[in-house]
Amino acid sequence: MAEIVLMRNFGRQDSHTLAGYRATGGYTAWEKAKGMEPAAITEEVKKSNLRGLGGAGFPTGMKWSFVPKTHTGPVYLVINADEGEPGTFKDRYLLERDPHALIEGMLITARAIRSAKGFVYIRGEYVQPWRIFSGAVKDAYDAGLLGNGFDIVVHRGAGAYICGEETGLLSSLEGKKGWPKIKPPFPAIKGAFGEPTVVNNVETIACVPPIINRGAEWFAGLGTKTQGGTRMYSVSGRVTKPGVYEDSCAVTLRQLIHDHAGGVSHTGKLKAVVPGGGSAAILTADEIDVAMDVDGLKAKGSMIGSAGVVVMDESVSIPEALLVLARFYAHESCGQCTPCRESTGWIYKMVHRIVDGHGRKDDLDTILDVAKRGGGTTICAFYDGAIGPYISYIEKFRGEFEALCRS
Amino acid sequence: MVKLTIDGRAVELTAGATVLDGVNRLGLPLPQLCKDPDRAPLGACRTCLVHVEGMRGTPAACHLPARDGMVVSTEHPEAVRVRSTVLDLTLAMLTPHAERDGFGQLGIAAARHGRPEPSVAPLHRFHVDDSKSFFLLDREACILCGRCAVACGDVQQIGAISLLGRSHATKVGVFGDGAMADSVCTSCGQCVATCPTGALRPKEPAATISRTVPTTCPYCGVGCGIEARVTEGGRLALMADDAPSNKSSLGMLCVKGRFATGFVHARDRVTTPLVKREARWVEVGWDEALDTAADGLARHRGAFGALASAKATNEDGYLVQKFARVVMSTNDIDHCTRLCHSPSVEAMLASMGSGATSNSYVDYEEAGCLMVVGADASSNHPVIAVRFRRAVSGGARLIVVNPKRVELCDQADLWIRQRPGTDVALFNAMARVILDEGLHDDAFVRARTDGFHAWRGSLEPYTLAYAERVTGVPARDIAQAARWYAQPPFSGSCLIWGMGVTQHVNGIHNAHSLLNLSLVAGQLGRPGSGISPLRGQNNVQGCGDAGCIPTNLPGYAHYVPETLARFEQAWGVRPPGQGGRVVTEMVEGCLTGATRAMYVVGENPLLSEPDLHHAEKAFGQLEFLVVQDLFLHETADHAHVFLPAAAFAEKEGTFTNSERRVQRVRTVLDPPGQARPDWWITAELAKRVARRIGLNVGGQFDYEGPAAIFDEMARLTPFLAGLSHARLDREGGIQWPCPTPDHPGTRYLYGETFPRGRARFIPARQIEEAAELPDADYPFVLNTGRLLYHWHGGTLTRRVQGLLELAPRLEIAIHPSDARQLGVDTGARLRVTSRRGDLTGYARVTEAVRAGAIFVPFVKLADSAANFLTNSAADPASKIPEYKVCAVRLEKLS
Ligand SMILES: Cc1cc2nc3c(=O)[nH]c(=O)nc-3n(C[C@H](O)[C@H](O)[C@H](O)COP(=O)(O)O)c2cc1C
Ligand code: SF4
Ligand code: SF4
Ligand code: FES
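Keeping their order, the protein sequence lines are chains A and B.
Be aware that the first sequence starts at 46, since it is given in our numbering, and climbs by one per residue.
Be aware that the second sequence starts at 132, since it is given in our numbering, and climbs by one per residue.
No lab work stands behind these hints, which were simulated from the structure alone.
Only a predicted model underlies this, so the values are computations on that prediction, with no experimental measurement involved.
Errors might be hidden in some of the hints.
[Stated by the list, open to error] List time: in silico PhoX-like cross-link candidates among lysine-lysine, alpha-carbon distance up to 25 Å:
1) Lys270(A) to Lys228(A)
2) Lys302(B) to Lys222(A)
3) Lys183(A) to Lys270(A)
4) Lys417(A) to Lys406(A)
5) Lys228(A) to Lys134(B)
6) Lys302(B) to Lys221(A)
7) Lys394(A) to Lys378(B)
[Said to hold, decoys possible] Computed beta-carbon distance windows for the label pairs:
8) Glu359(A) to Met186(B): 42 to 50 Å
9) Phe306(B) to Trp263(A): 51 to 59 Å
10) Asp340(A) to Met186(B): 51 to 59 Å
11) Asp956(B) to Gly220(A): 37 to 45 Å
12) Met132(B) to Phe111(A): 40 to 48 Å
13) Phe111(A) to Ile340(B): 24 to 32 Å
14) Gly200(B) to Thr69(A): 41 to 49 Å
Built from N, CA and C at the ideal position, the CB exists for glycine as well.
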């Protein structure tokens, strides 16, 4: 098992307080970063092989370097704490148990991208994390850490999954309907309020202080060749010990289920696993010897996404699991793009019909056909995220679906 | 420039262009349902997908930046396959319906992709919302492309319609998901014009459009460009298109420009010349009508007055004044400016030397502060109000100064609700704050103005405490307005005012106090600043420019020997050398015998003059009246000859809008029956009168057409000298001054100097609040004004059915406390009586008016018109009547 980096303070009663954070070396990375040139900070993060932990896995240092150096207006740093991906609950732990790690990470990131203002967009349902994080922000202001060249605005979402998509989040932050924006321009060029903006996930930014403190090489060495560091896996479903576990990006899915989460519960027999949040393609029981990094899962036709691992044992009905997801997508599509809005509506209707026992076998082909032809056609990745499950659930467990259909 | 290949064909595009621009340049048939050609891409419909070599998936061409060397295919099998799936899903949203014409662009695209029928049924069913008068919303034909929401929210900045909800439950709708008629929709039709499927469509049977003609809206002084659409049946379609390339309107229109041009087809259009015999109209030929008119006018030369029309073209107006000056030998020529902005014009002439708006509309959008005084721009200049809203969205401060709660107050940072008639106290106190706090532009005052010290001395009594007492406005608000205006957060400040400033007995004092503010703060003569009297009619600016004013010759030339000689040389006859009478004086003259004959072109003074009973009596005394117009209106009833004129859509010419932009008006249709363009009629009349009085006018009234008339006017008017119809056709509208053919026109005036050299501070005094104040017998103050849904007295708009539906009856706005005392609710019938007349209307209880005040629009509906009540007491300097204040009493009718 790898070294614990992100959850290092979770065991302390006072881990959410400024005093508690300082007691374990908090804000020393910020002291160090203050002596570094912005470009040097970005360079260090590039070398660390840190990749976005919010879903897309984009190299973080590279994203920062896209901010135009010659821009004279404001640059914004936006933290994505919307955590809406089904099966994902790691950011919540960070906000509640180590809020200062995020604040310190934001200070360092802001210096790297020359931003004077940061926004933290917190999922509306996260009341307790919001309270605790807001308290930490206040303490940081009182201590003079904030308000001296960098400010943080805490913004609460209102219950839309699509506001986790970075440009949907920006629209919402701007006071508009949370509709994803067409790209290009990408946020780093023209983001919040038309200004260059870096959007990063909570966990991604929480990795920054340790990188600055202990160096890029150390961090890179914790992971695989293409992705540095450890990360937090949310493991739920039919396991003996559901929870958040930190380990290297190189850990395998089997190790996570058996070594961390105490193995499969209920029937004890594994049927399928979702490895990276609701939008990742499902894996069968014999596909779990896979490294949990960006490239490892891509090779298996799935994705690491937000590292939300959902375990299903033999007694779980796959069609019913798909119904839950199909309802989710049909409800959460922002409604902008015709293929996404209409297909998610239609596919939910058809899966519902099948689970109700009124489906026909060729419904399955219709769903596959519509899903396969819609990929890569929309404004944001939401619809691509929906297609993964539609196709993989049906193709890998077709028998279960057919058994429910009228002949 | 970038070079790329699309479907094997090379295309070169400017940097920043999209692949779709290239596709359209080559004329390739790619669906693009959510892309309004004039707006930024939305990327919603996903029907414009293409294949690009070396790129994953099928990107949407509408928001794919074109790059050098790109190889694009619209016909790649993968792109076609994916597109046809999207079209199938799109088609599946709709319920086919006989009346719908193949769903517009979607139907065409679907058929081309071999998808005439959708493979699944629609997920949702809807009822048609036909609550609006001109158009309906049929959601079963809606593909949720979002174009209408952009038109309403971003273009018009109204935000009435939007896409409600999310996912497949998304639908177009209004706040609270109610009926469109119950929303803030202003019926501007911007959404209807952009809808690709006809889900939003005009309420008229679909007709084939045979051609469209670019021209200029005939309603207000904003001067929007319209694309008039002519049906195969040779009539104007109910809905006109907007003209995105028009620099004044940028593709926007209001309800009147969009839907209210149908008056040209009104059944009661007069299309034959008429002569009155034994109190009855008799149809005659042109010769007989013109001869009768010429006989009568020739007889009364010396006691004659002419009223030109600010609705007609520059060319028409120029000829009316030329007729008056050359043939009738009088400067008694005027137009409706008298009734709206003469105090502004007089004050601006005295202080700066020009009466025009100094800035352009674009300056409103760029300003950091807008102060709008006595103007209900949302109703009267709707497309300028959009510019105000855009400025506010961009962070500008908006100060509204108005006793009435006008719609702009909703967007204002500060609403100053002064007591009516106390404007001078207010603005003088603001000027004092600016000086006391050192916020004035010292360099500007020193270098560009005269009379500063004397004026400064005159401000002595106008302390904040005094102003608060007189105006009823908290001193803190007055000071705040002064600070924002003098030192806006960014850019400059624009000062905009309307009839609320001018239609008072102290109109000219009001105007001076405003102009002084702009001078002391130096807020004019650079981008984002300026002074704007909002002009009413479409061509008020041009009518004055063309010389239809008694005080000046064309181009505001003075009656001095050099100019008189110049005009004599051009016209062959020397114009009279002293100023003529203004319209109110001409009308008074009817009663004393000083006016015996009048020639009234395109105006209906018996609806727009104050104290109508009195005016009616005056017109009744005339021995000879010639009226030239579209309809037999109130004034025409008193006429002896009626000459049927062509409407704006039936003639060539130019209008000049409020930002001094000269724009073309074009023949869209032939005039009906025997109707003729105004310029032709006036020229014929002039020649015939000249013959009768033995005046040799040579070829002075022989013109090939309006282009030649314009050329003559431009030769005599230095600020128009660089313009011609041909140039306007080539380049679109151009803003004067434009002295030479290679001059680009002028965005703002006074950058370097003022026409009179240095501008002058002219002290303004707060005199009595109004000529007629309320008393025990007439306890209410009546305020009049206009409505969005009607034009002025309503002569044109009463002939547009949809507008009548939107504003069917005369409403009397009354404060709730007064309504309670009278025991009336909204909808109750009321009689309003003044010392001069009465009218009946329907109460609308609203806090928009102050207690003790009522508001009645001056449109005439069901024989009730506010100007039966108003006072003809006039500002002694500019002679504008006091429309804005008179005393009345109210009675509840059963
Ligand atoms: C439909 C959708 C939902 C998403 N939801 C989240 C989310 O809840 N939290 C998050 O951090 N990223 C989410 N993302 C990913 C963000 O778009 C973005 O990639 C991320 O915030 C970037 O931060 P990172 O580079 O630090 O991961 C979502 C993406 C999509 C397409
Ligand atoms: S893909 Fe779906 S969620 Fe994303 S913008 Fe389009 S409609 Fe909205
Ligand atoms: S009503 Fe028309 S413009 Fe509006 S979303 Fe529907 S199809 Fe598009
Ligand atoms: S036109 Fe490109 S997505 Fe609609």
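Consistency of the hints with the structure:
Restraint check for Lys270(A) and Lys228(A): the C-alpha separation of about 30 Å exceeds 25 Å, so the hint is violated. Taken as a hint, the Lys302(B) and Lys222(A) pair is honoured in the structure, with Cα atoms around 14 Å apart against an allowance of 25 Å. Note on Lys183(A) and Lys270(A): the hinted pairing is violated, with a Cα-Cα distance of about 39 Å set against a maximum of 25 Å. In summary, the hint linking Lys417(A) to Lys406(A) is supported, as the alpha carbons are separated by about 17 Å, within the 25 Å threshold.
With a CA separation close to 22 Å, the supplied pair Lys228(A) and Lys134(B) stays within the 25 Å bound. A threshold of 25 Å between alpha carbons decides the hint, and for Lys302(B) with Lys221(A) the separation of about 17 Å falls inside it, so the pair holds. Note on Lys394(A) and Lys378(B): the hinted pairing is violated, with a Cα-Cα distance of about 50 Å set against a maximum of 25 Å. The given range of 42 to 50 Å is respected by Glu359(A) and Met186(B), whose C-beta atoms sit roughly 43 Å from each other.
For Phe306(B) and Trp263(A), the hinted distance range of 51 to 59 Å is satisfied, since their beta carbons lie about 56 Å from each other. Our hint of 51 to 59 Å for Asp340(A) and Met186(B) is violated, since their Cβ atoms are close to 22 Å apart. Range check, Asp956(B) to Gly220(A): Cβ separation about 38 Å, and the 37 to 45 Å hint holds. Between Met132(B) and Phe111(A) the CB atoms are about 26 Å apart, so this pair departs from the stated range of 40 to 48 Å.
For the hinted restraint 24 to 32 Å between Phe111(A) and Ile340(B), the CB-CB distance of approximately 48 Å leaves it violated. With their beta carbons about 55 Å apart, Gly200(B) and Thr69(A) fall outside the hinted range of 41 to 49 Å.
In terms of the numbered hints stated before, the structure departs from hints 1, 3, 7, 10, 12, 13 and 14, listed from lowest to highest.
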